[in-house]
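Q: First to last, the sequence lines map onto chains A and B. Residue numbers are given in numbering that gives the first Met the number 0: position 231 of the first sequence equals residue 230, and the series is strictly consecutive. Residue numbers are given in numbering that gives the first Met the number 0: position 16 of the second sequence equals residue 15, and the series is strictly consecutive.
To be clear, the hints were calculated from the coordinates, so they are not data collected in a lab. Incorrect hints may have been included.
It does not matter which identical chain is meant; a pair holds if it fits inside one copy or across any two.
[Claimed, not checked] Here are the simulated SDA-like pairs of lysine to any residue, each with C-alpha atoms no more than 20 Å apart in a straight line:
| hint | residue 1 | residue 2 |
| --- | --- | --- |
| 1 | Lys-168 | Pro-125 |
| 2 | Lys-17 | Ala-160 |
| 3 | Lys-168 | Glu-254 |
| 4 | Lys-168 | Pro-234 |
| 5 | Lys-17 | Gly-209 |
| 6 | Lys-168 | Ser-255 |
| 7 | Lys-168 | Gly-138 |
| 8 | Lys-17 | Asp-136 |
Number of protein chains: 2
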Amino acid sequence: MLTNPRAERVRSVRALSKRSVRERTGRFAVEGPQGVREAVRYAAARVRDVYVTSEALERYALDIVEPARAANLWVHEVSAEVLAAMAETDAPQGVLAVVDTVDGARAGADAAGPAAALAAVLDTHPRLLVLLTNVRDPGNAGTVIRGADAAGADAVLVSSASVDVHSSKVVRSTAGSLFHLPVVTGLDVEVTLETLRAHGIRTLAADGAGSTLLPDADLTAPHCWVMGNEAWGLPDEVRDACDDVVRVPIHGRAESLNLAMAATVCLYASAGQRPQRGGVTPAGYRA
Amino acid sequence: MLTNPRAERVRSVRALSKRSVRERTGRFAVEGPQGVREAVRYAAARVRDVYVTSEALERYALDIVEPARAANLWVHEVSAEVLAAMAETDAPQGVLAVVDTVDGARAGADAAGPAAALAAVLDTHPRLLVLLTNVRDPGNAGTVIRGADAAGADAVLVSSASVDVHSSKVVRSTAGSLFHLPVVTGLDVEVTLETLRAHGIRTLAADGAGSTLLPDADLTAPHCWVMGNEAWGLPDEVRDACDDVVRVPIHGRAESLNLAMAATVCLYASAGQRPQRGGVTPAGYRA
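Let the sequences and hints guide you as you build the complete structure.
A: Take a look at the structure:
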């Protein structure tokens, strides 16, 4: 049991709150039972270490500890003081995991860089994607990843100009969705749009200045929603490079929706027009 | 020009950050140009005082200062120190207004209490409403108000158990929408559901345990979305008291959407099925 909050290992975990350390080590921290449980369940190959207090060891025995041990992961018992010293949040609820940002073991696709990771996603013939070109707010980025997961998107693409999705605020606001679908980071926007088009994926800029209203947009073919910055939207050159520019209709007096809301409304509009995997359209969905 | 940050007036504005003071005085503070502009534009009868720094006086001359003076509002020039002492936020961008929480001048409807304010809303034959029964997070509450405005809802109803919508965090996250549509606070949930039904308004509980999927819900008649608590949803007795329990379909591995996202998706589904005011359905909307 680790009890010394000043130990080198404790400080090295705490240091993952810095973006530079995450980039250098290729690791990040996941705090709290929801995120750790989903990481163990869906991304066990990337989980390096799980740290649990005595109390949490009992509370999350079935949820986290047994599945982690069954996957041959390191589960370390730590004192509450050690966990508090490791964690960036005030209340990590007794659980923290250190996770690789990319899956180095998986044929090296992610580890070989953003372009290779994007190619791996495109090999799966995705039908619904979202690209964050310049999202700066951690809560917005995390909420879009969660919304994309809920709407059944096949992956989330994130440009190099966007917030680091492995920061603790983003990780927390994804509510575990970060481990549910591929999240490709570090992409160049222009190259990505060209690559998507070359793979027959329509690019739809979501923008308040769009000429196509969301209910009029053709969402039946494979497509990617392209989201801009919270404050200034998408630059002209990105809008121009997309196949269509779509706006969510504003019915009342509001100037706009926030980015996460707009993305969620767009993604759910796509889900409503999307045939289920296998081509079956269940009753009640618009085909 | 007010220059003394320790003046009684400055302290009385700052005190509005306390809920007890807001309730006793019936006033709240709106910080920043977006909120103040929308308050002056859409709720001038409720604006008591506008405080502006010299710099902001020039910057927002057309947006805020002239409209405020045209509406015979008090516009006070203050030093940056005074504004900082009045404000709860770090960067109110040179503008702050003190606003009445209810419209005491308007035939006394709001001032006569929640039931009378609800009756005034129902007199307008609303077709789309949302009721927050137990929303605790300020960001969620504000975002729902903004989403309701954007989706063309006729009013937002808020129970007495929910967060105070006049707290600075809620006001800020409404992005001005607080002044765009009626927001009735302090309601009793059970009585409100009965009143809505008596007025022919269907009540739709939005809940992950709902048996009706959102795309299957009948949203053509006047209805009210009933939203529960962020963590534990709606209690059985509220679900049972509603006409239908509707869930947003989750297509991926996410456990749920957050409350603001779920509300926005539901409200936009309603907007998509709603005839425009006057009965005209523009091309591209699902009638």
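Q: For every hint, state whether the structure bears it out.
A: Consistency of the hints with the structure:
no., hint, verdict
1, Lys-168 with Pro-125, "neither (28 Å within a copy, 39 Å between copies)"
2, Lys-17 with Ala-160, "within (17 Å within a copy, 39 Å between copies)"
3, Lys-168 with Glu-254, "between (27 Å within a copy, 19 Å between copies)"
4, Lys-168 with Pro-234, "neither (26 Å within a copy, 30 Å between copies)"
5, Lys-17 with Gly-209, "neither (38 Å within a copy, 42 Å between copies)"
6, Lys-168 with Ser-255, "between (24 Å within a copy, 18 Å between copies)"
7, Lys-168 with Gly-138, "both (7 Å within a copy, 15 Å between copies)"
8, Lys-17 with Asp-136, "within (16 Å within a copy, 28 Å between copies)"
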